[in-house]
Structure formats: C-alpha cells, structure tokens
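Q: Read top to bottom, the protein sequences are chains U and B.
Using this note's numbering, you'd call the opening residue of the first sequence number 9 and step up by one each time.
Using this note's numbering, you'd call the opening residue of the second sequence number -8 and step up by one each time.
The hints are simulated quantities; they were obtained by calculation from the structure and are not laboratory data.
Where hints are given, some of them may not hold.
Taking lysine-lysine pairs in the DSS-like style, the calculated list, with each CA pair at most 25 Å apart, reads [stated by the list, open to error]:
hint, chain 1, residue 1, chain 2, residue 2
1, B, Lys39, U, Lys55
2, B, Lys72, U, Lys55
3, B, Lys72, B, Lys57
4, B, Lys231, B, Lys248
5, U, Lys55, B, Lys187
6, U, Lys283, U, Lys308
7, B, Lys39, B, Lys72
8, B, Lys188, U, Lys55
9, B, Lys181, U, Lys55
10, B, Lys189, U, Lys55
11, B, Lys171, U, Lys55
12, U, Lys283, B, Lys9
13, B, Lys41, U, Lys55
14, B, Lys39, B, Lys189
On a predicted model such as this, the values are computed, not experimentally measured, just so you know.
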Amino acid sequence: MDFTLPESALAVQRGIGGICSRYDLGYWQRCEDDKRWPEEVWDELAKGGWLGLAVPEEHGGGGEGLLELAVATETLSASGAAGGSAFTYVLTPGFGALTIDRHGSARQRAELLPRLATGEVETCFALTEPDAGSNSLAITTSARRDGGDFVVNGQKIWITGVQRATWMLLVTRTVPAAEARPRSHGLTVLLVNVPEAVAAGRLSYRPIPKMGANTTPSNMVFIDDLRVPASKVIGEVDQGVAVLWDILNPERVLLAASALGTAEVALRVAVGYAKEREVFGRPIGANQAISFPLAQVKAKIELARLMIYKAAWCFDRRLPCGTEANIAKLTASQAAWEAADAAFQTHGGMAYSHEYPVARLLTDARIAKVAPVTEELLLNYLATQVLGLPRSF
Amino acid sequence: MNIVVCVKQVPDTATERKLRSDDNTLDRDAADGVVNELDEYAVEEALKLKEAHGGEVTVLTMGPGKATETIRKALAMGADKAVHLSDDALHGSDALSTSYAMAQALNKVGFDLVVLGSESTDARTGVLAAMLAERLGVAQLTLANKVDVDGTSITIQRITDYGYDRVEATLPAVVSVVEKINEPRYPSFKGIMAAKKKPVETLAIGDASIDPSQVGLAAAWSEVVDFAAAPPRAAGTIVKDEGDGGAKAAEFLASKKFI
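Could you build the full structure based on these sequences and the hints that come with them?
A: Here it is as structure tokens:
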C-alpha cells in the first residue's frame, strides 16, 4: 500500500498552490461581494494548463484524471476560495471535460476536448428540476425525436454557470418516467449550445438570488421547443443513466474536495485566531474548550481526504466508486460544517463581522450539506445499497 | 543565443532565518528553501530572450543537494537544462569566492549571456553580477529593468535614483535584473511534469577546475564575527494631545532628524 500522491497530483498542489498564494482571503471576499467570476485566477489556471488536467494528451490536456481534479479543487478551495468559489473549477474541467472524454463520440471529443482543455469553451450541467431534485429519475424535461433532431421542452433549476457556458450537458427524458422500465431507462444526455439556443429564443434563464457562492450565478432555465441534432447526444439514446452516474460520482468527489478545502481554510483561520487572541492573559487556544473542537476537525479533515482520494482512485481505474464517492461527500461536508462552526465559536462575536472570513466559510460549508446531494440521501444510499436495509421510499 | 541564468536557493523570507552557532554560516536546514525571488525575474527574462531570439536557457546554481528543488522550479518555468555546482568544499564561501567558483563553472558551461537577480534575499550583498563580469572578462550590465538584444549587441535600462541610464555592450555579457523588469510566469502543469525529465548535470569543484584553496569558509575574505537576534521592537512614544500635539510631533521628528 502506498499513500504517496503521484507526481502529477503533487505538481497540481505546487502549481495551483503557487498561483493561489498570490490571492488572499480578501480577494475571494471581494469576488463574493461583487458577485463576479474570479477572472484573474481563472486566466492563470487556463494559461498553465490546469483546466485540462483530465483531458487526454492527444487532445491537448494533461492526460490525468479525477484524482488530479480533486486535488486541484481542494487546493483552490483551501487557498481561500472555499467551496462557493471552488465550484468555478468543477463546471468545465469536471462536468465538461471528464464527461466528454469518457462518453463523447470521437467527433465530440475531437471538437470539444482541446477547447475545454484551454478554457476557451466552458460547460454547465443541467439535471435538477423544480419537481425533481433528490428524485432525479423523476425529471420531466422531454426530448422528442423529430427526424434527425430532438425537440426539447422543460424547466431546470439550480443550474450554475449557464452565463459563461457555451455547452450545457442537459439531462432529458426520451421515455417518460411513468413508462420507463426500469425507472432509470429512457434518460438521454444532450449537448446544447447555450448561446445559439438563447439567440433562437428557445432557451432562457434567470439567476436565483442566493445566500452565498455568488461568484457563479445559479439559474432557473426554461426550454421551449428547442431543436437539438441527434449528433449532440452524449452516449446512447435512452441509456443516459450510464453517462449520468459518471457525472454524478465525480461531482460528489469534486464537491467533497471543495468542502474539504472549506474545512481546511476554516481550520487555518480558527487556529490562527486561537493562537493570537488573548483573553484572561493567555491565548484562547490554550483552553481545551477551544482547542478540542479544532483537533476534532483536524481528524475529520484527514479522514475525509483519504476517502476522497480513494473514490477518485477507483473512478480513474473504472472500478465501482459509488460507495466511496458517497462516503467522501458525507464525511467532507460534515468536516466542513464542523470546521466552520468551530471557527465561528473560536472567533466569538467577531465571527459575525464581515471583517473576518468566517461568515462566508459558514455559508459555503452549509450548502455542502445539501449540494449536490443531501446528507440524508447519502445515508439512504449507504443504508439501502451498502447495508441492504429496506427502503423507506 | 546560449543564455545561462544563475539562481540561488535562499531561506524562505516568511520564516525565521538562523545562523549556525558552530561556524556562523547560514543554517540552511532551519528554514524552507525557496528560489531567490529576484532570480525568478531573471529566469523569466532569460525565457523571454530565448523566445524572441532562439537558443537555449541553462540554469546554473551553486548550493547543497537540497538546491535541486530550486533547479526544478526554474526548469518547470521553461529552462532547458541545468548545472548544479555542489561540493562540500564550497560551504562557507563568501561573495568573492562564490564569484570565482561560479565563473569557473560558467567558463566550463559556456555562454553568450549570463542573467541573474540583482541581489539575494539572504546575504543581500548585490555584488555578484559585477564580480562575475570581472572574473569572466565580459561587460557588466547591472540593475536592468529592460533588456534588448540585437545580434551581438545588448542594451539595457539601468535604474537609477534619477530615472535610468541606457547602457550598451557587446555580447558576451552579464546582466542583473530588478523586479520591475517583468512578471515571472507560473510553471504550467506540463512544465512541472517535464521538468523532472530535463537534464541536470552535477559538478564537483574538480569538474569545474575550481582550486579548493580559493573557496569555502577558510578562503573567505569576509567573516561573520558575531551575531545576535534582532531585539524585540520597543514600545513607541505616546504623545498626548493637549492642544500642542502638532508641536510635540514636530519636536519628535526633529529629534530623530527627520525634519
């Protein structure tokens, strides 16, 4: 057994860590306050080839996999971006490049991968609907075959990054849920050219005012008789569930990595404050009421990281990774929340001031407990799929 | 153009730096080693010159085994190969003997242009460029914030208190750069991965015809006689404003000869 990270992942830590070291917590707070994309960091990531880590070398990428993307997301998040802004990295290198590489046709791969690797083209992913969140098989956005095209109608919600995306990975029903046997049959993933669909008046979106993670807007999306050529199907018609799991498992791993980064930065901030802040003539970190919760968080961070790396390792070897990805997500979101909460308690009333980053970290940590999947659903998976307990639903 | 860029590993300025109690030299194990910041600008300038004029960039460093980390960083930025001058006999060399050893190594490696940072963040003598040029018998162009090469002629802007001087010379030459010259690039993913495979030649003093009696602590012309930790900052003077605050502040500044 070897716990040493491969050279490629160490290079990611050094390279992205080096870029991020020039952007402090204040930078990320300003991006959040101004609701703006972190252009400066993004440009550096694009220039250095960090967006194409998981794109094969023959298509201009780094030829690595989910492990390197997870380390990249963790590094970015832990540097101060935290989960809210680290999500910027998940959209294109994760949803786009990883999925097109594994399930795209030869033509889709040749056309898209080189441009995804450089960041010239960006992607977003649209699955959730107003009436289908946790129960994603119940989506109703329909794609009806009409000659060489599909005609798509429906609504999506919480679709992040539509504004910058050239391509949307849109999950549709080619067989309605009520008629699908098994229920996971009849899903089809389509590549939708967002600017063209918007220009044609067939797709519109509206940002949702939200609590945090404002560096990337999340949207309601409305689709009305949108024609998508059959050449834009990713994977097989009706067999989209295979594609879907290869999006959802990496998404769990990458958002676990971003939550892990949130935990790391929260712990760092808390420890720094606990060492400096003196009350009753000694640093507050000398009090075990302060130090023990932080020590607990440290242990949880290390556990979550092991699980994240293991899940990514399984995915890269095309081994089943559902259990690992779910445990990674569960442990990382818990670590993030406990870290942010402990950071809050450590800072006392000062945590409530926007002069400190704690409020932002708390917001970012809180969403990790429900996005992209709730902790309850993760526990359900472990209870029913792993332990074989009877289902409640 | 054959460009050699000299880089130095220095203790991280963000950490506490120490001297060794046995021989009063820098304790290199006490702090993380990083690339001397100004040398990153030198690497960037060397890479830019190569991109504009063709040729090859060789990294040259003198230092203990651990300095390979610094070499890899420069290679990751895009330099082609490296030469690591490393020998226990070099330990304790001062600026004068360092310039001798580096000049010997440069003569062995060969160069059209030598680029280096104008000083290091550890010793901060800022004399190496001038000493190297003298030892090598080539032009010295120091404190450059702009470098232009045209054929065999080289022109720099040398920063001064009043603006800049325009200095011209014929290659080969030694150029030292200041931080205003460029914005060093970050190593790319492919750069970092490729750096591991680039050739690094290690030279002992014998390989570079360095006379052991002219280097090391025993041969140093300067000596650290004693050292002490910087005293903690004393409490400041508090002036209470009782209508005469301005005058008191002026008196204080005058007593310190600021006004």
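Q: Work down the list of hints and note, for each, if the structure agrees.
A: Hints, verified against the model:
{"no.": "1", "hint": "B:Lys39 to U:Lys55", "verdict": "holds (16 Å)"}
{"no.": "2", "hint": "B:Lys72 to U:Lys55", "verdict": "holds (23 Å)"}
{"no.": "3", "hint": "B:Lys72 to B:Lys57", "verdict": "holds (17 Å)"}
{"no.": "4", "hint": "B:Lys231 to B:Lys248", "verdict": "holds (21 Å)"}
{"no.": "5", "hint": "U:Lys55 to B:Lys187", "verdict": "holds (20 Å)"}
{"no.": "6", "hint": "U:Lys283 to U:Lys308", "verdict": "holds (21 Å)"}
{"no.": "7", "hint": "B:Lys39 to B:Lys72", "verdict": "holds (16 Å)"}
{"no.": "8", "hint": "B:Lys188 to U:Lys55", "verdict": "holds (22 Å)"}
{"no.": "9", "hint": "B:Lys181 to U:Lys55", "verdict": "holds (11 Å)"}
{"no.": "10", "hint": "B:Lys189 to U:Lys55", "verdict": "holds (22 Å)"}
{"no.": "11", "hint": "B:Lys171 to U:Lys55", "verdict": "holds (22 Å)"}
{"no.": "12", "hint": "U:Lys283 to B:Lys9", "verdict": "holds (23 Å)"}
{"no.": "13", "hint": "B:Lys41 to U:Lys55", "verdict": "holds (19 Å)"}
{"no.": "14", "hint": "B:Lys39 to B:Lys189", "verdict": "holds (19 Å)"}
Violated hints for the displayed structure: none, as all numbered hints are satisfied.
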